[in-house]
Amino acid sequence: MLLEVNRLEISYGDVRAVHGADFAVAEGELVSIIGANGAGKTSILNGIMGLVPVRNGTVRFRGREITAMPAHRRAHEGIRLVPERARVFPRLSVYENLLTGAYGLRKKIPLEERLRWLYGLFPILEERRDQPAQTLSGGEQQQLAIARALISDPKLLLVDEVSMGLMPKLVDQVFDLLQSLNRDHGLTILLVEQNARASLEISHRAYVLETGSVVMEGPADDLLDDPKIQRAYLGLVEEEVERRQ
Amino acid sequence: MHLFLEQLLNGVAIGSIYALVTLGLTLVYGILRILHVAHAAVYTVGAYLGLLFFKMSGSLLVGCAGAMAGCAVLGIAIERLVYFPLLKYPPYVPLIASIAILLALEEVCRLVAGPYILTFPAELPFPSLNLLGVDIPSSVMGILCITAGILAFLWFLTTRTETGLAMRAVSQDLTIADAMGINSHAVVSFTFAVGSAIAAVAGILVGIYYNQVYSTMGSVPAYKTLAIIVVGGLGSVPGAVAASLLLGIAETLLIGYAHIPLPRDALAFLAMIAVLMWRSEGLFGSR
Numbered sequence: 001m002l003l004e005v006n007r008l009e010i011s012y013g014d015v016r017a018v019h020g021a022d023f024a025v026a027e028g029e030l031v032s033i034i035g036a037n038g039a040g041k042t043s044i045l046n047g048i049m050g051l052v053p054v055r056n057g058t059v060r061f062r063g064r065e066i067t068a069m070p071a072h073r074r075a076h077e078g079i080r081l082v083p084e085r086a087r088v089f090p091r092l093s094v095y096e097n098l099l100t101g102a103y104g105l106r107k108k109i110p111l112e113e114r115l116r117w118l119y120g121l122f123p124i125l126e127e128r129r130d131q132p133a134q135t136l137s138g139g140e141q142q143q144l145a146i147a148r149a150l151i152s153d154p155k156l157l158l159v160d161e162v163s164m165g166l167m168p169k170l171v172d173q174v175f176d177l178l179q180s181l182n183r184d185h186g187l188t189i190l191l192v193e194q195n196a197r198a199s200l201e202i203s204h205r206a207y208v209l210e211t212g213s214v215v216m217e218g219p220a221d222d223l224l225d226d227p228k229i230q231r232a233y234l235g236l237v238e239e240e241v242e243r244r245q
Numbered sequence: 001m002h003l004f005l006e007q008l009l010n011g012v013a014i015g016s017i018y019a020l021v022t023l024g025l026t027l028v029y030g031i032l033r034i035l036h037v038a039h040a041a042v043y044t045v046g047a048y049l050g051l052l053f054f055k056m057s058g059s060l061l062v063g064c065a066g067a068m069a070g071c072a073v074l075g076i077a078i079e080r081l082v083y084f085p086l087l088k089y090p091p092y093v094p095l096i097a098s099i100a101i102l103l104a105l106e107e108v109c110r111l112v113a114g115p116y117i118l119t120f121p122a123e124l125p126f127p128s129l130n131l132l133g134v135d136i137p138s139s140v141m142g143i144l145c146i147t148a149g150i151l152a153f154l155w156f157l158t159t160r161t162e163t164g165l166a167m168r169a170v171s172q173d174l175t176i177a178d179a180m181g182i183n184s185h186a187v188v189s190f191t192f193a194v195g196s197a198i199a200a201v202a203g204i205l206v207g208i209y210y211n212q213v214y215s216t217m218g219s220v221p222a223y224k225t226l227a228i229i230v231v232g233g234l235g236s237v238p239g240a241v242a243a244s245l246l247l248g249i250a251e252t253l254l255i256g257y258a259h260i261p262l263p264r265d266a267l268a269f270l271a272m273i274a275v276l277m278w279r280s281e282g283l284f285g286s287r
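Quick mapping for you: the protein sequence lines, in order, are chains A and B. When the first sequence is numbered by UniProt numbering, its final residue is 245 and no position is left out of the sequence of numbers. When the second sequence is numbered by UniProt numbering, its final residue is 287 and no position is left out of the sequence of numbers.
Isolated chain A, as found in the complex:
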């Protein structure tokens, strides 16, 4: 397993955000964690990235325990995050934002080649290369956040609520892109989403998170067909659920 998370517990003060979540991601997989707002999805990704302290449990990456490793070292180990609401550096230019993703690696990666590849995926970023990131639209900032995470050629990409605040057409584009990165480039992706349908449709497997614990798991296609999931997360009404059985 590329990533193994056991009995993960994360709390903020007295509030327990995640208690005892178990899950794993194998190399080459696209896995999603779906759940309602406040189920602890973002906390899980931040715990894997090392941005919030883990109260209990272990995180293992490529067989090594990294539970206590600081975030910047995890990034250099090959874990990269596309944060919720993009969180690009607002007053850095688009180009400088991309360079932050390659911080400390400029001599180790073929930077020019990576930039050319990313500009091919996201032509708008080349067009807006020297603009401050805060002048970009929400969708463009999201693309920049993905490109910034990809520039270092990560081994595991963590994607946090990438569909939030995007127009439906853009959501489809972004999910298509994530699927092709996984399928054509072998990138391992762990996706955390409120938009359950879109994420299940591109995922191999999925976990369902409720109030900080994993309550269901399985192949994404099975979950798409599961009546409970259809009612709770896919927004189908009763007749539709029955018709699909």
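These aren't lab readings, by the way, just hints derived from the structure by calculation. A few of these clues could be false.
Reference excerpt, derived from the structure (chain A facing chain B, CB under 7 Å, subset only) [said to hold, decoys possible]:
1) Met-49
2) Leu-51
3) Ala-71
4) His-72
5) His-76
6) Leu-81
7) Arg-87
8) Phe-89
9) Thr-100
10) Gly-101
11) Gly-104
Straight-line alpha carbon distances no greater than 20 Å define the calculated EDC-like cross-link-like pairs of lysine to aspartate or glutamate that follow [as the list claims (entries may be wrong)]:
12) A:Lys-108 - B:Glu-162
13) A:Lys-107 - B:Glu-162
14) A:Lys-155 - A:Glu-27
15) B:Lys-88 - B:Asp-173
16) B:Lys-88 - A:Asp-14
17) A:Lys-107 - A:Asp-153
18) A:Lys-169 - A:Glu-201
19) A:Lys-169 - A:Glu-84
20) A:Lys-108 - A:Glu-77
Residues of chain B placed beyond 12 Å of chain A at every Cβ, according to the derived structure [said to hold, decoys possible]:
21) Met-1
22) Tyr-29
23) Val-62
24) Leu-105
25) Pro-115
26) Phe-126
27) Arg-279
Idealized CB from N, CA, C, for every residue including glycine.
Chain A is already provided as a structure; the job is to place chain B on it using the hints.
Same frame as chain A, but now just chain B:
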């Protein structure tokens, strides 16, 4: 006319020194959102250390290098031992701690060096100049050249190096900078070291310019630089430099030259009040 130009240059020199002290304050505010009042004490310690190393070695260059190194260490110690553990509290908590450090360091200086005004018998190694009848003394030349050099270095560091990119990223989003592989705590410490080393230079320049080093020499700069960063726009380096230069010139011309019967130090606060009333984000601030 010549007198006016000479006064103007004096004003620029004084403004330059304000700028050197204020830079550290601005860098720290930009990166941690803390009003680092104790920075003025680092400047005082810099003057004392510069004097000490100068007397020991007989070389102003050695004195300056020693003071810069000593103050860089002091700045990192303040950040690691006091501010970092307090970051999780509301901003007034580190501010109160900062005031405590200012007073404590002043007392340490007074206890170690004694309650006297020491002289700083050094000459800046710069030529005096006579440009079209305007006399520029070597001290003013030195202050102007050194300040220009430091500003050029800072500009290069922040805009042309990977470390500078990391500094700007950390000041805009510390958590996400970590996720990008930037060791933001190390970047914060580095920022304190740079700001504190520059404060040491300012302390030495003031010591030489007025030929005075004493334990409370940081008291007036402590609050005056606060007024300057508010006028310039909190966290804006160009704003801090512009406000410093303007203040130095205004103090010298309006009060020294035009004989306006106001205490010289009042001007900074009048400017601060005016800015807060009409343009609360400061001259160069955003938002």
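Hints, verified against the model:
Given the 7 Å rule on beta carbons, the hint for Met-49 of chain A holds: about 5 Å separates it from the nearest Cβ of chain B. Because the beta carbon of Leu-51 of chain A sits about 6 Å from the nearest beta carbon in chain B, less than 7 Å, this interface hint is met. Checking Ala-71 of chain A against chain B: minimum C-beta separation of about 4 Å stays under 7 Å; hint holds. Restraint check, His-72 of chain A versus chain B: the minimum CB separation of about 5 Å is within 7 Å; hint holds.
Of the supplied interface hints, the one on His-76 of chain A holds, with its beta-carbon coming within about 5 Å of a beta-carbon of chain B, less than 7 Å. Interface hint at Leu-81 of chain A: satisfied, since its Cβ lies 5 Å from the closest Cβ of chain B, which is below the 7 Å cut-off. With its C-beta approaching chain B no nearer than about 5 Å, Arg-87 of chain A sits inside the 7 Å limit, and its interface hint holds. Look at Phe-89 of chain A: its Cβ gets to within about 5 Å of chain B, closer than 7 Å, so that hint holds up.
The criterion of a C-beta within 7 Å of any C-beta in chain B is met by Thr-100 of chain A, whose closest approach is roughly 5 Å, and the hint holds. Restraint check, Gly-101 of chain A versus chain B: the minimum CB separation of about 6 Å is within 7 Å; hint holds. For Gly-104 of chain A, the interface hint holds, the least distance from its beta-carbon to any beta-carbon of chain B being 5 Å, beneath 7 Å. Under the criterion of a C-alpha separation no larger than 20 Å, the hint pairing Lys-108 of chain A with Glu-162 of chain B is consistent with the structure, at around 14 Å.
Restraint check for Lys-107 of chain A and Glu-162 of chain B: the C-alpha separation of about 12 Å stays at or below 20 Å, so the hint holds. Note on Lys-155 of chain A and Glu-27 of chain A: the hinted pairing holds, with a Cα-Cα distance of about 8 Å set against a maximum of 20 Å. Restraint check for Lys-88 of chain B and Asp-173 of chain B: satisfied, since their Cα atoms lie roughly 15 Å apart, inside the 20 Å limit. Restraint check for Lys-88 of chain B and Asp-14 of chain A: satisfied, since their Cα atoms lie roughly 16 Å apart, inside the 20 Å limit.
With a C-alpha separation of about 14 Å, the suggested pairing of Lys-107 of chain A with Asp-153 of chain A holds against the 20 Å cut-off. For the hint pairing Lys-169 of chain A with Glu-201 of chain A, the CA-to-CA distance comes to about 16 Å; that is within 20 Å, so the pair holds. In summary, the hint linking Lys-169 of chain A to Glu-84 of chain A is supported, as the alpha carbons are separated by about 19 Å, within the 20 Å threshold. Distance check on the hinted pair: Lys-108 of chain A and Glu-77 of chain A sit about 13 Å apart at the alpha-carbon level, within 20 Å; holds.
Distance to chain A confirms Met-1 of chain B as a non-interface residue, since its nearest Cβ pair spans about 43 Å, more than 12 Å. With a closest Cβ-Cβ approach of about 15 Å to chain A, Tyr-29 of chain B is found to remain outside the 12 Å limit, as its non-interface label requires. Its beta-carbon lying about 34 Å from the closest one in chain A, Val-62 of chain B satisfies the requirement of being farther than 12 Å from that chain. With a cut of 12 Å on Cβ distances, Leu-105 of chain B stays outside the contact zone with chain A, its closest approach being about 31 Å.
Interface exclusion of Pro-115 of chain B from chain A stands, the closest Cβ pair being 46 Å apart, more than 12 Å. Residue placement check: Phe-126 of chain B keeps its beta carbon more than 12 Å from all beta carbons of chain A (closest about 37 Å). Against chain A, the non-interface label of Arg-279 of chain B holds: every CB pair exceeds 12 Å, the least being about 20 Å.
In terms of the numbered hints stated before, the structure departs from none.
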